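2 protein chains.
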Amino acid sequence: MMVLKPGRRPGPSLTRDSILDAARHLFGERGFDATTIRDIAALADVDPAMVHHHFGSKDKLFTAALGAPIDPREHIEAVLTGPDDSMGERLLETMLAIWDSPIGIAGVALLRTSIQHEWGAKLLREFVLMRALTPIMQHLGLPEEEARWRTGLLATQISGVILMRFVIKLDPIATASRADLVAAMAPNVQRYLTGLLPVREF
Amino acid sequence: MMVLKPGRRPGPSLTRDSILDAARHLFGERGFDATTIRDIAALADVDPAMVHHHFGSKDKLFTAALGAPIDPREHIEAVLTGPDDSMGERLLETMLAIWDSPIGIAGVALLRTSIQHEWGAKLLREFVLMRALTPIMQHLGLPEEEARWRTGLLATQISGVILMRFVIKLDPIATASRADLVAAMAPNVQRYLTGLLPVREF
Chain W
-13 MMVLKPGRRP GPSLTRDSIL DAARHLFGER GFDATTIRDI AALADVDPAM
37 VHHHFGSKDK LFTAALGAPI DPREHIEAVL TGPDDSMGER LLETMLAIWD
87 SPIGIAGVAL LRTSIQHEWG AKLLREFVLM RALTPIMQHL GLPEEEARWR
137 TGLLATQISG VILMRFVIKL DPIATASRAD LVAAMAPNVQ RYLTGLLPVR
187 EF
Chain F
-13 MMVLKPGRRP GPSLTRDSIL DAARHLFGER GFDATTIRDI AALADVDPAM
37 VHHHFGSKDK LFTAALGAPI DPREHIEAVL TGPDDSMGER LLETMLAIWD
87 SPIGIAGVAL LRTSIQHEWG AKLLREFVLM RALTPIMQHL GLPEEEARWR
137 TGLLATQISG VILMRFVIKL DPIATASRAD LVAAMAPNVQ RYLTGLLPVR
187 EF
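Sequence lines, in order, name chains W and F. Quick note on numbering: this note's numbering labels position 178 of the first sequence as 164, and the sequence is numbered without any gaps. Quick note on numbering: this note's numbering labels position 56 of the second sequence as 42, and the sequence is numbered without any gaps.
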């Protein structure tokens, strides 16, 4: 338990918490793009300079609001570097390597929150779209509607392997080597990325 | 709030609850096959006849313990009937039709419980394996280790589409027609069922 010493003001951590609360609310309601630092500061009733002071940037505030242990954007380069027709393999390898590391424990907590709370689900949608998958689609240069469809399909496969390997711990998915999993799943992920999909009216 | 009338004994519903608690504990610990009605009755401190009286069979007790709104075994025939090379399509169509119906609401609650509680995760593992996917693998006549591997891979894809469509509600997966989703995903599901997978040492 934290004991407040006489003369020490509880300001900074309360300010930080109210900024995080406001950020979760607005990112969840409006999405990442339509939310400004100024809006968040206004809702938290603090000066925008305080938001910059505590979190540095909107990107970093978003990651903090979500409780995400890493920013996927920092890992996306490893996925994009190389031939497009083996991107599925690199995406799986990069993503599973992160989740297999100690960071994965925080990831499981994040996934549990997203599934339990509506604001968590909203933030995860933004996170999945903005951070992890949209840069890949931009790299592939697809039309927007097709990119959203492929992104969604990718999310079904990637979220499912995370759920089964790290949360539900279904054998042999939980105990398989990463190499075996990547080899077995890469063609499926690749099909969602660049393969032929049935014609769909958008 | 339930008010107990004088003279009315609270016995039956307490008995039912203690049987359910014991069932969750033992199914979770030992799995479906290794758990007997007799074990559950002993742990709940009731006569085995009471278990049969309240739940009818071990199958029905398992479904009740999990809080599952349906028993997938009753729907498996629709998946197994037809050519093996279009089984992926029938599996997706059958599964999504159930989740798109009002039953899906109870399904989401079940998935939330499984993700939140360790006993829920254990029961879901049993449920996925015993109920939904094992009969399909038996039908395909695969060696046990390969069947478990394919079952696990299937579970990653199927759980992921359920998570994105019904829990996280990621667009366009949440809003797509069932026909579009089945068409886009069926080849991936089919590959896990009967397609060529990389050699793996079991």
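Rather than coming from a laboratory, the hints here were simulated on the basis of the structure. Some hints here could point you the wrong way.
Reference listing, derived: stretches of chain W covered by chain F, where coverage requires no fewer than 3 residues with Cβ under 8 Å from a Cβ of chain F [stated by the list, open to error]: (1) 23 to 37; (2) 102 to 112; (3) 144 to 150; (4) 156 to 169; (5) 177 to 184.
These numbers come from a predicted model, not from an experiment. Even for Gly, the Cβ is constructed at its ideal location relative to N, Cα and C.
**OP:** Give me the numbers of the hints this structure contradicts, sorted from smallest to largest.
**Re:** 1
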